[in-house]
Amino acid sequence: MCCRKKIVTNTLLIFNIFCALCGIGFLIIGIMVLVKSSALGKVFGAYTTMATTAPVLVITLGSIVFLVAICGCCGASMKSYSLTMIYATFLLILLIGKIVMTVLAHVFAGDIATAAIKSFKKIFHAQEVGGNKEIVDTVQKQLECCGLNGPEDWQEILIGHIPSSCCTNSVTLCNIHTAFNTGCISAIEDWIYTFKDIMAWVGLCIAAIELVALLFACILGNQIRRKKKRNYS
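Numbering (my numbering), first residue to last: 1 to 233.
Just so you know, the hints here were simulated from the structure itself, not pulled from any lab data. One thing to keep in mind: the hints can contain errors.
[Stated by the list, open to error] Mimicking SDA-like on lysine to any residue, the simulated pairs with C-alpha atoms at most 25 Å apart in a straight line are: (1) Lys-227 with Leu-83; (2) Lys-6 with Arg-225; (3) Lys-141 with Ala-187; (4) Lys-36 with Leu-83; (5) Lys-122 with Ile-157; (6) Lys-122 with Asn-149; (7) Lys-141 with Val-107; (8) Lys-133 with Pro-163; (9) Lys-133 with Thr-168; (10) Lys-196 with Ile-64.
Since this is a predicted model, take the numbers as computed values, not measurements.
I would like the entire structure built from these sequences, with the hints used as guidance.
What follows is the structure, encoded as structure tokens:
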């Protein structure tokens with residue numbers, strides 16, 4: 001019985017270390033996406049709030065996963081029934097939260113991509129309006145793209161001239177040969193769907209780890225409770 005309890009405790013500790021690392025991973029992904037989504041905020045149109053809030057939720061979730069994993073480690077190492085059960089409860093809540101977040105990401109990704117592309121097209125064709133040119137430059141720099149479908153779009157607008165935002169900082173003369181080949185429409189769409197896919201796969205991996213950790217936490221909690229009952233009797 002003692003050997004079995006030790007195996008459960010050690011397994012739970014290992015899974016919590018994985019959960020803590022996954023939480024740090026969520027934090028890093030969230031911060032990286034937040035930096036870009038803040039810069040591209042005006043491109044998302046009606047979905048601006050949702051697009052900029054999503055990475056904040058990922059950062060929050062990553063922080064909670066990390067803290068819950070630490071709580072699980074403490075509960076397992078101290079053999080505390082209360083801490084282990086609190087940990088199991090939070091794991092269940094996080095598990096449900098990740099499933100909901102993954103579903104929402106899949107449901108709204110297409111709508112956000114469509115709205116962002118539509119908004120960017122309007123901004124691109126109305127660069128004389130105050131602030132629009134700066135938005136276009138920001139999108140091109142951040143996503144390393146040029147024009148709507150490619151650098152050829154700028155030849156029609158600027159008669160052969162291509163803005164410096166279409167090239168890397170190391171390029172001294174930005175032209176059709178040195179500019180980014182990817183158009184911003186496909187770059188925006190790829191960026192949104194890549195974020196959605198990363199969220200889905202990382203979320204599912206963490207959910208799978210947490211499900212196993214939840215089972216082991218319940219087993220360990222039950223063993224601790226039984227031992228306490230035997231000590232009292």
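Verification of the supplied hints:
1. With a C-alpha separation of about 16 Å, the suggested pair Lys-227 and Leu-83 falls inside the 25 Å cut-off, and the hint holds.
2. The suggested pairing of Lys-6 with Arg-225 holds, with an alpha-carbon distance near 15 Å, which does not exceed 25 Å.
3. With a C-alpha separation of about 11 Å, the suggested pair Lys-141 and Ala-187 falls inside the 25 Å cut-off, and the hint holds.
4. With a CA separation close to 38 Å, the supplied pair Lys-36 and Leu-83 exceeds the 25 Å bound.
5. About 14 Å separates the Cα atoms of Lys-122 and Ile-157, which keeps this hinted pair within 25 Å; it holds.
6. For the suggested pair Lys-122 and Asn-149, the alpha carbons sit about 14 Å apart, so the restraint of at most 25 Å is met.
7. A hinted pair counts as satisfied when its Cα atoms are at most 25 Å apart, and Lys-141 with Val-107 does not qualify at roughly 28 Å.
8. Our distance criterion of 25 Å between C-alpha atoms is met by Lys-133 and Pro-163, whose separation comes to about 10 Å.
9. Restraint check: the Cα-Cα separation between Lys-133 and Thr-168 comes to about 18 Å, which is no more than 25 Å; the hinted pair holds.
10. As the CA atoms of Lys-196 and Ile-64 are separated by approximately 20 Å, the hinted pair is consistent with the 25 Å bound.
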